[in-house]
Amino acid sequence: MENIYLPHLTQIAEVRRETADTQTFVLRFGDPEIRRSFRFTPGQFVEVSVFGVGEVPIGFASGPSQGNGFEITVKAMGSVTRALHRLQPGNWVGVRGPFGNSFPYEEAKGQDILIVGGGIGLPPLRSLIEAILQQRDAFGAITILYGTRTPQDRVYKPELDRWRGRGDLLLLETVDVGDDTWTGPVGVVTTLFRQVTADPSRTIAYTCGPPVMIKFVIQDLLKMGFAEDRIVSTLERYMKCGVGKCGHCAIGPKYVCVDGPVFTYKQIKGLPEPP
Amino acid sequence: MDASTIAGRVQVIQKDAVPPWVAAMMAQASVIGPHQDPDGDPQLSSLSSADELDLAYTHDLLPPTRHLLPPTEVLFRFQGGDGLRLIPEYDERRRIFFGIRSCDVKGIRYQEQFFRRDFPDIYFLTRLENATLVSLACPAPPLPTCFCPCCDGGPVLKPGEGHDIQLTPLQGRYLVEVDSETGASLVARAPELFRDATSADLAEREEMLSEIDQRFSTTAYLSRGISKVTNDAVPEEVWEELAERCIHCGGCAYLCPFCTCFTVSDRSRDGQQGERFRRWDHCILAGFTREASGHNPRDRKCEQFKRRFFHKLSYQYMQREGRPGCVGCGRCLTTCMTAVDMAAVLMRFRELGRKPKWGPPWAAKPKTSP
Numbered sequence: 180m181e182n183i184y185l186p187h188l189t190q191i192a193e194v195r196r197e198t199a200d201t202q203t204f205v206l207r208f209g210d211p212e213i214r215r216s217f218r219f220t221p222g223q224f225v226e227v228s229v230f231g232v233g234e235v236p237i238g239f240a241s242g243p244s245q246g247n248g249f250e251i252t253v254k255a256m257g258s259v260t261r262a263l264h265r266l267q268p269g270n271w272v273g274v275r276g277p278f279g280n281s282f283p284y285e286e287a288k289g290q291d292i293l294i295v296g297g298g299i300g301l302p303p304l305r306s307l308i309e310a311i312l313q314q315r316d317a318f319g320a321i322t323i324l325y326g327t328r329t330p331q332d333r334v335y336k337p338e339l340d341r342w343r344g345r346g347d348l349l350l351l352e353t354v355d356v357g358d359d360t361w362t363g364p365v366g367v368v369t370t371l372f373r374q375v376t377a378d379p380s381r382t383i384a385y386t387c388g389p390p391v392m393i394k395f396v397i398q399d400l401l402k403m404g405f406a407e408d409r410i411v412s413t414l415e416r417y418m419k420c421g422v423g424k425c426g427h428c429a430i431g432p433k434y435v436c437v438d439g440p441v442f443t444y445k446q447i448k449g450l451p452e453p454p
Numbered sequence: 180m181d182a183s184t185i186a187g188r189v190q191v192i193q194k195d196a197v198p199p200w201v202a203a204m205m206a207q208a209s210v211i212g213p214h215q216d217p218d219g220d221p222q223l224s225s226l227s228s229a230d231e232l233d234l235a236y237t238h239d240l241l242p243p244t245r246h247l248l249p250p251t252e253v254l255f256r257f258q259g260g261d262g263l264r265l266i267p268e269y270d271e272r273r274r275i276f277f278g279i280r281s282c283d284v285k286g287i288r289y290q291e292q293f294f295r296r297d298f299p300d301i302y303f304l305t306r307l308e309n310a311t312l313v314s315l316a317c318p319a320p321p322l323p324t325c326f327c328p329c330c331d332g333g334p335v336l337k338p339g340e341g342h343d344i345q346l347t348p349l350q351g352r353y354l355v356e357v358d359s360e361t362g363a364s365l366v367a368r369a370p371e372l373f374r375d376a377t378s379a380d381l382a383e384r385e386e387m388l389s390e391i392d393q394r395f396s397t398t399a400y401l402s403r404g405i406s407k408v409t410n411d412a413v414p415e416e417v418w419e420e421l422a423e424r425c426i427h428c429g430g431c432a433y434l435c436p437f438c439t440c441f442t443v444s445d446r447s448r449d450g451q452q453g454e455r456f457r458r459w460d461h462c463i464l465a466g467f468t469r470e471a472s473g474h475n476p477r478d479r480k481c482e483q484f485k486r487r488f489f490h491k492l493s494y495q496y497m498q499r500e501g502r503p504g505c506v507g508c509g510r511c512l513t514t515c516m517t518a519v520d521m522a523a524v525l526m527r528f529r530e531l532g533r534k535p536k537w538g539p540p541w542a543a544k545p546k547t548s549p
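Chains as they are written, first to last, in the working numbering: chain A, 180 to 454; chain B, 180 to 549.
Be careful, since some hints might not be right.
To be verified - Listing some non-contacts, in silico: residues in chain A with all C-beta distances to chain B over 10 Å:
{"#": "1", "residue": "242"}
{"#": "2", "residue": "258"}
{"#": "3", "residue": "336"}
{"#": "4", "residue": "340"}
{"#": "5", "residue": "395"}
As the list claims (entries may be wrong) - Simulated pairs of lysine to aspartate or glutamate, DMTMM-like, Cα-Cα distance not exceeding 20 Å:
{"#": "6", "chain 1": "A", "residue 1": "394", "chain 2": "B", "residue 2": "385"}
{"#": "7", "chain 1": "A", "residue 1": "394", "chain 2": "B", "residue 2": "470"}
{"#": "8", "chain 1": "A", "residue 1": "448", "chain 2": "B", "residue 2": "482"}
{"#": "9", "chain 1": "A", "residue 1": "448", "chain 2": "B", "residue 2": "375"}
{"#": "10", "chain 1": "A", "residue 1": "448", "chain 2": "B", "residue 2": "478"}
{"#": "11", "chain 1": "A", "residue 1": "336", "chain 2": "A", "residue 2": "358"}
{"#": "12", "chain 1": "B", "residue 1": "480", "chain 2": "A", "residue 2": "452"}
{"#": "13", "chain 1": "A", "residue 1": "336", "chain 2": "A", "residue 2": "250"}
{"#": "14", "chain 1": "A", "residue 1": "336", "chain 2": "A", "residue 2": "452"}
{"#": "15", "chain 1": "B", "residue 1": "194", "chain 2": "B", "residue 2": "375"}
Stated by the list, open to error - Simulated coverage check for chain A against chain B, where a stretch passes if three residues somewhere in it have a Cβ under 8 Å from a Cβ of chain B:
{"#": "16", "region": "180-187"}
{"#": "17", "region": "231-239"}
{"#": "18", "region": "351-359"}
{"#": "19", "region": "430-438"}
Since the hints were made in silico from the structure, they are not lab data.
For glycine and all other residues, C-beta sits at the position ideal for the given N, C-alpha and C.
Sequences are here, hints too, so could you generate the full structure?
Spelled out as structure tokens, the structure:
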């Protein structure tokens with residue numbers, strides 16, 4: 180019997196600073212066999228251990244088939260994420276997973292794609308965006324909306340420039356509060372909807388971000404005429420074990436770690452604590 | 180007589196032959212059985228001698244599931260330094276649970292199903308696979324708080340309900356129903372202590388069973404609670420009223436033979452060596468769902484309270500777990516200081532939609548015991 184609680188030893192291959200409190204870690208399993216066979220899909224997550232401090236659930240931030248490790252982007256929030264930020268390339272952490280379901284995107288082929296991310300909610304969507312861009316021709320128009328609190332909170336700056344420069348997708352950004360460096364729009368991410376012409380009958384919308392943002396994004400998408408099963412969101416819960424045992428992430432009859440963390444609004448709205 | 184000829188057969192053992200039988204078991208396993216602690220309170224834990232076994236016990240407030248999912252346990256130790264190593268620890272001790280009640284067998288088998296599903300939990304299952312369950316049928320309620328008949332929790336187990344052996348008390352003797360090969364091997368340890376049941380033995384059991392319904396008055400009405408919770412027929416103000424009484428002590432979950440929630444923490448002095456352990460946690464505690472950011476999706480006390488009863492009573496969970504989340508053992512009735520235990524909540528639901536027979540509405544206080 181496999182031990183579902185025993186992490187695989189994993190080395191930090193690279194650390195990239197994204198913002199003052201957010202870093203991206205490139206992780207590589209110590210065991211070459213696991214490194215070779217490890218597969219995941221966008222939307223899934225891993226449980227990352229800093230031994231002696233604890234374990235946290237973190238979504239994959241990189242595309243599904245990098246082969247040579249994977250990336251996570253972590254904001255220093257609690258004790259484990261702060262401890263993670265103190266580690267250097269070469270240090271070892273533990274990884275369990277992949278866990279949870281995925282963003283449905285194979286099913287979205289032939290459709291237009293609308294992606295709405297907020298703050299540290301962009302990393303799981305980046306995994307989805309990379310997956311979609313790997314098969315760019317299979318999808319219709321792609322629109323990415325990204326909002327952060329301030330210009331300093333934007334993650335993946337080089338990547339955002341690269342996406343903007345591609346010419347085969349539309350990337351719009353906004354910040355809640357601007358500064359001297361910011362020449363773009365100011366306002367919450369839903370204000371960008373005014374600049375978008377999405378056909379709700381042939382578009383799938385994906386969103387990830389803070390719970391309050393998700394709430395307003397879903398409200399606006401419904402107003403725009405999106406069907407409830409064309410709105411795909413993540414649910415944020417404290418997923419302590421990742422395998423449906425510890426009970427922390429259960430909402431109504433669902434375990435977010437096993438049944439989610441990705442749900443359509445149709446699935447979410449019947450739950451006792453909808454966003 | 181060897182084990183293969185015993186399985187499925189009904190045997191009889193005299194009451195005074197039970198201690199020698201248990202003594203034979205103790206040579207090979209730890210026997211967890213009812214006995215009195217130094218204060219005279221009933222306790223289900225390892226026997227130090229077969230003579231201290233007390234099968235006339237009422238109930239241990241702590242369910243025997245705590246020997247399979249202990250309050251706290253080490254999952255693995257880690258050693259840093261030159262090469263980080265993770266060293267898991269499994270508890271492979273042989274345990275015989277002797278004389279546990281039907282409700283507790285149901286609790287253990289529910290937890291087994293939960294921990295086996297999807298992602299098997301090696302820690303719980305290793306302990307269970309080394310455990311033998313000898314249950315004791317209840318001809319009468321051991322305590323006035325018992326309400327197992329309405330929860331499919333007992334008082335008597337049918338073949339295939341998860342016991343290896345079931346003992347049924349008769350006059351001066353026990354009927355011994357063997358329900359597994361493991362159970363048969365326990366009888367085979369001391370075959371000279373048993374004889375085949377006669378028609379007189381079986382008739383005495385039938386008579387006992389025919390009277391059992393009157394002895395256990397089914398008072399908690401679980402099925403009605405299930406229908407109310409599933410159909411969202413409990414008004415918000417009733418949930419508020421019940422939740423307001425709860426003081427978040429956690430006693431109901433810690434004593435529940437069903438509850439499985441836990442949290443996981445690391446313990447280390449220097450970050451180089453230490454252990455990861457898990458300990459019981461409880462959905463009714465205010466911080467159960469709080470995230471590192473401080474965001475708590477279930478920050479209302481009422482929602483926290485509802486969560487516990489939704490898990491135990493909703494049809495959605497009955498589909499998932501295959502049964503309601505209560506075995507009627509009554510432990511939460513004993514421990515709850517504010518009368519929001521399972522029976523009190525069910526009795527309150529029962530009053531919904533019914534007008535009091537007399538007096539003004541505010542005189543209709545919820546009943547607090549079954």
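Here is how each hint holds up against the structure:
1. 242: Answer for residue 242(A): holds, closest chain B Cβ roughly 26 Å.
2. 258: violated (8 Å)
3. 336: holds (23 Å)
4. 340: holds (28 Å)
5. 395: Given a closest Cβ separation of 16 Å, the condition holds.
6. 394(A) <-> 385(B): Violated. Residue 394(A) to residue 385(B) sits at ~61 Å, over the 20 Å cutoff.
7. 394(A) <-> 470(B): Answer holds: residue 394(A) to residue 470(B) is near 18 Å, not above 20 Å.
8. 448(A) <-> 482(B): Cα-Cα ~16 Å, so holds.
9. 448(A) <-> 375(B): violated (60 Å)
10. 448(A) <-> 478(B): Satisfied, since the Cα-Cα distance of roughly 19 Å is no more than 20 Å.
11. 336(A) <-> 358(A): Given that 20 Å is the threshold and the Cα spacing comes to 16 Å, the pair holds.
12. 480(B) <-> 452(A): holds (13 Å)
13. 336(A) <-> 250(A): Within the cut-off at roughly 16 Å; holds.
14. 336(A) <-> 452(A): violated (34 Å)
15. 194(B) <-> 375(B): holds (15 Å)
16. 180-187: holds (count 7)
17. 231-239: holds (count 5)
18. 351-359: violated (count 0)
19. 430-438: With 4 residues closer than 8 Å to chain B, the region 430-438 of chain A meets the three-residue bar; holds.
Checked against the numbered hints listed earlier, the structure breaks hints 2, 6, 9, 14 and 18; every other hint is satisfied.
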